[in-house]
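Q: From just these sequences and the hints, can you work out the full model?
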Amino acid sequence: SQTIHQWPATLVQPVGSPLSLECTVEGTSNPNLYWYRQAAGRGLQLLFYSVGIGQISSEVPQNLSASRPQDRQFILSSKKLLLSDSGFYLCAWSVDPSEKTGELFFGEGSRLTVL
Amino acid sequence: AQTVTQSQPEMSVQEAETVTLSCTYDTSESDYYLFWYKQPPSRQMILVIRQEAYKQQNATENRFSVNFQKAAKSFSLKISDSQLGDAAMYFCAYRSALAGTALIFGKGTTLSVSS
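First to last, the sequence lines map onto chains X and B.
Using my numbering, the letters of the first sequence correspond one by one to residues 853 to 967.
Using my numbering, the letters of the second sequence correspond one by one to residues 710 to 824.
Don't read these hints as lab results, they were simulated from the structure.
One should not assume that every hint holds.
[What the hints assert, rightly or not] When the alpha-carbon atoms are kept at most 35 Å apart in a straight line, the in silico DSBU-like pairs for lysine-lysine are as follows:
(1) K932/X x K816/B
(2) K787/B x K816/B
(3) K816/B x K931/X
(4) K764/B x K787/B
(5) K782/B x K816/B
(6) K779/B x K764/B
A: Structure below.
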């Protein structure tokens, strides 16, 4: 069966420090991968999605970046964190919608607090 | 661009009663998916129910059912026989059937269940 893991689960970082959140998927190949952010009291905002290795689409211009060095690995990074980067980050995967399922499967999430 | 609107930030229901959560969306596409996700205090996103736009029949999953009105672009979730474990934030989401697209979420409805 397919599983998705992301880490770390909790992170407290000072302003201006770098960030690296990692997500891996097991049990499937060539998944679509996504990073979402959920700020306090708000919905889920799509940050990045990837349909293949090295293919990243950015939805929101900001100081975050994403990379997909391997088929089932998706990394969210920042060189210098801002206070506004605090939030709950969720990685997700899906098969192509043409498979007629459409849903996303989410990881456990990473809570980032920037001080 | 597609949008998803949940007009009820908070709802409450008593155990064993029925509650309906509202969702409207805007799209010019004819083929898409609609979802309801549940996010309990653990923050794990859990798929509750899925509806394919080409299907006229409303989806049902045990105590959960939807009222899908394609012409009105409305997709409400009905929870019957509410249980304490149903307390969570509920998100309505839209996804195009086109390849390489992501879920677009509403801002969520917090459901509380009282005994």
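Q: Hint compliance check: list the failing hint numbers for this structure, sorted ascending.
A: none
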